[in-house]
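Residues 2 to 674, numbered by this note's numbering, are exactly what the sequence shown covers, in order.
It should be emphasised that the hints constitute simulated quantities derived from the structure, not laboratory data.
For glycine and all other residues, C-beta sits at the position ideal for the given N, C-alpha and C.
Fair warning: there could be bad hints in the mix.
Result set (DMTMM-like, lysine to aspartate or glutamate): computed pairs, CA atoms no more than 20 Å apart in a straight line [stated by the list, open to error]:
{"no.": "1", "residue 1": "K216", "residue 2": "E152"}
{"no.": "2", "residue 1": "K565", "residue 2": "E555"}
{"no.": "3", "residue 1": "K662", "residue 2": "D673"}
{"no.": "4", "residue 1": "K18", "residue 2": "E35"}
{"no.": "5", "residue 1": "K599", "residue 2": "E555"}
{"no.": "6", "residue 1": "K599", "residue 2": "D623"}
{"no.": "7", "residue 1": "K662", "residue 2": "E535"}
{"no.": "8", "residue 1": "K16", "residue 2": "E4"}
{"no.": "9", "residue 1": "K662", "residue 2": "D564"}
{"no.": "10", "residue 1": "K216", "residue 2": "D226"}
{"no.": "11", "residue 1": "K117", "residue 2": "E212"}
{"no.": "12", "residue 1": "K599", "residue 2": "E627"}
Quick list of the computed label-pair ranges, beta carbon to beta carbon [stated by the list, open to error]:
{"no.": "13", "residue 1": "A452", "residue 2": "P179", "range": "45 to 53 Å"}
{"no.": "14", "residue 1": "R485", "residue 2": "V274", "range": "49 to 57 Å"}
{"no.": "15", "residue 1": "E222", "residue 2": "K662", "range": "52 to 60 Å"}
{"no.": "16", "residue 1": "E152", "residue 2": "A80", "range": "49 to 57 Å"}
{"no.": "17", "residue 1": "D673", "residue 2": "V274", "range": "40 to 48 Å"}
{"no.": "18", "residue 1": "A28", "residue 2": "A80", "range": "37 to 45 Å"}
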Amino acid sequence: LSEGQTLELTQLLEKVKGLRLIIASQAPLGIPGELLFCLEPLPVPPEGENTKEALLRYASVRLFIERARQALPEFQLTARNAEQIAALCRQLEGLPLAIELAAARVGNLSLAEMQKRWCHSIEWLGRRPTGAIGRSLQASMQATYQLLSPEMRAFFARLSVFRGGFTREAAQAVASPPDAPEALQELARVSLLQLEGERYRLLEPIRLFAESELKARGEMERACDAHLRYYLEAQGSERTARWEWLEAERANIEAALAWGMEQSPERALQLAVALSPFWERRGSGESVYQILCQLPQHLSDTEQQLQAAQVATNLAIRRGEMTQAQQLLEQFLPLTHRVPESLAAARFWTAAGFYYWMQGECECSIACVQRAIQRFHALGAPLDRAEALNHLGIALWIREELSAAACALEEALELAPPDTAPLLRMKVMSNLANVFFQMGLQERAEAYLVATLQLAQQLGDRRTEATLLNNWSVWLRERGEYARARELCLQANTIWQALHEGIGEAAALNNLADIAMHEGDLESATTLFHRSLERILCYRLFWYLPRVLQNLAELAERQGALDKAIRWQSARLFASLYYEQPNQVAPALQALAQLALKSNNPVAAARWLLLIEPIAGEPCPDTLLESVQSGLPAETLEALRQEARHARPEQLIEQLRPLTKELLTPFCESLDL
2 LSEGQTLELT QLLEKVKGLR LIIASQAPLG IPGELLFCLE PLPVPPEGEN TKEALLRYAS
62 VRLFIERARQ ALPEFQLTAR NAEQIAALCR QLEGLPLAIE LAAARVGNLS LAEMQKRWCH
122 SIEWLGRRPT GAIGRSLQAS MQATYQLLSP EMRAFFARLS VFRGGFTREA AQAVASPPDA
182 PEALQELARV SLLQLEGERY RLLEPIRLFA ESELKARGEM ERACDAHLRY YLEAQGSERT
242 ARWEWLEAER ANIEAALAWG MEQSPERALQ LAVALSPFWE RRGSGESVYQ ILCQLPQHLS
302 DTEQQLQAAQ VATNLAIRRG EMTQAQQLLE QFLPLTHRVP ESLAAARFWT AAGFYYWMQG
362 ECECSIACVQ RAIQRFHALG APLDRAEALN HLGIALWIRE ELSAAACALE EALELAPPDT
422 APLLRMKVMS NLANVFFQMG LQERAEAYLV ATLQLAQQLG DRRTEATLLN NWSVWLRERG
482 EYARARELCL QANTIWQALH EGIGEAAALN NLADIAMHEG DLESATTLFH RSLERILCYR
542 LFWYLPRVLQ NLAELAERQG ALDKAIRWQS ARLFASLYYE QPNQVAPALQ ALAQLALKSN
602 NPVAAARWLL LIEPIAGEPC PDTLLESVQS GLPAETLEAL RQEARHARPE QLIEQLRPLT
662 KELLTPFCES LDL
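Given only the sequences and the hints, what does the whole structure look like? Please build it.
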């Protein structure tokens, strides 16, 4: 209210005995006897809560529906529009006037169009349509804005560059008020600013209004530049070492990165490189991921392009976005030949090695990381060499070359001091624990696992924590401690889902299915194995495929469906050959022979066993072969031996391809075999 209006109200209260006034205002009036009641925004449904029954519990949704029906009487909350209504209420931050103005337009705009327009401006809510109550949202904020001093208007407008809240220190650095505490207190007093603990926040409708004023003042570029500079200069400080601070600043970092990519890509790259460990361990979110995938295109320097592509490739692999990772490698790996001696090229080779072992192409992976290791050694980059050795150890572990894997990982551990490289050291220790367990060194494995898990939880490294919980679950399952194994695996899967990391989800689901199978709950095991298989095929995690196919074969055998077990085991053999996992070939052939024997088909059993040496390059188990040979005529055995001598992996792949495609296509229609 103006000073004159306030004076009139004061005089009215003095002259009319017993008069009581109810006044909605964004700021206290300062009238004697005034009582303040703070009206908070209406509660809004959280992300993911989209059912009709749940949404009707929220006042913001009920208000939207009530006002929408005034404009369009037949409007209803339905299963089809529930998610859009919930999202719109969240965008409007529960502000009643904003909700009423938006709802009044349902007859003219679709909900999707409202969401799209709201992301860019509040001007579409500028005029009050028929059915809305009171003045427009923009007019309401404009009235309060005009009461501010010129300096406060400038400060308020500059605050619009922040997303998701900010601290007093950040406001001082970016918006440059003469007195930040006093300025923030004044904006909070007139309800333009929300105080949430030690952080301040502009509600999104108010932020969009402030942003429009910032553009009108011609200060947008300068304010966004200051915003980017603040978060760039914060890297390496004590607060960025605490991931809780980074979690709180996610929205601001995304905004700074997006603006930097368009206006200052070199500085955006600096921010991306500095924060890549955080995003890899705690998840990036879809928006940041998309920005990082586009960033290399905005750079012109070859080494900078490789740096940006490495960050994006590593993140794509972590998320299971293998098609995107492949595209990045195909586009930028040739650039390494322009700067073959550079650190950026060697780091990109490491990323390529990571991609290839995730795809099951261990030979390619080993070649890439060994090339990187040589370059890191020449450049005197021990931490980068440790990273490459870690990937080498994993590739060797997948090939079941356990001693060599342990050597590579132990060398990596020596190069990663606990004080300067705790995250890298945790990764290596986690992988060493797994290798030691498979080597039968259980006490040593558990010692590494427990120490690493404690450190991961202390540092807030969610990815390593999930990896260790899943590994521990596997070990407990093998001991028969199913209840505890399931508990740990469910904890791991919750983290993987939050991180949007496909390989973790696939592994956790496979482990949960294995637990259910060993407990005799074959129905749950079937569902969980199928879900794991869907994720493996969706994310193209082909190195992990033979393991799940083996489990599905075992499940079918437990169900007494030997024909189905043979089909799954045949698909396992195909995947082992097609995706170059030689350590899986002999076990698959031997398993097929044993299933053939159980099916009273000794000829098929002998055929599979005789293929072990020419296809897998390993000797056939004598005991099993002798038991099969004893029941077959000599001429049949000789014919089978002749057939095996001429067998080639390529021929076997082609024989098994149709069956495998038939089995896997229902889980991934776009699968290309």
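#### Entry: 20 Å Cα cutoff - pair K599, E555
With Cα atoms ~13 Å apart, K599 and E555 stay inside 20 Å; holds.
### Query
Is the gap between the beta carbons of E152 and A80 within 49 to 57 Å?
51 Å, holds
### Query
Holds or violated: K216 with E152, Cα cutoff 20 Å?
16 Å, holds
### Message
Please check whether R485 and V274 have a Cβ separation lying inside 49 to 57 Å.
### Response
At 40 Å between Cβs, range violated.
### 52 to 60 Å as the expected CB spacing between K662 and E222, which holds or is violated
55 Å, holds
### Query
Regarding the pair K599 and D623, is the alpha-carbon distance no greater than 20 Å?
Holds, at roughly 18 Å.
### Query
Are the Cα atoms of K599 and E627 separated by 20 Å or less?
Distance of about 16 Å is within 20 Å: holds.
### Query
Does K565 pair with E555 here, judged by a C-alpha cut-off of 20 Å?
10 Å, holds
### Task
Below or equal to 20 Å on CA atoms is what counts here, so check K662 against D564.
At roughly 17 Å apart (the allowed maximum being 20 Å), D564 and K662 satisfy the hint.
### Message
If I claimed the Cβ atoms of D673 and V274 lie 40 to 48 Å apart, would that claim hold in this structure?
### Response
34 Å, violated
### Message
Just to be careful, I want the Cα atoms of K216 and D226 compared with a cutoff of 20 Å; is the pair within it?
### Response
This hinted pair holds, its Cα atoms lying about 14 Å apart.
### Task
Would you mind confirming whether the straight-line C-alpha gap from K117 to E212 stays at or under 20 Å?
17 Å, holds
Violation of the numbered hints given earlier is confined to hints 14, 17; the remaining hints are satisfied by the structure.
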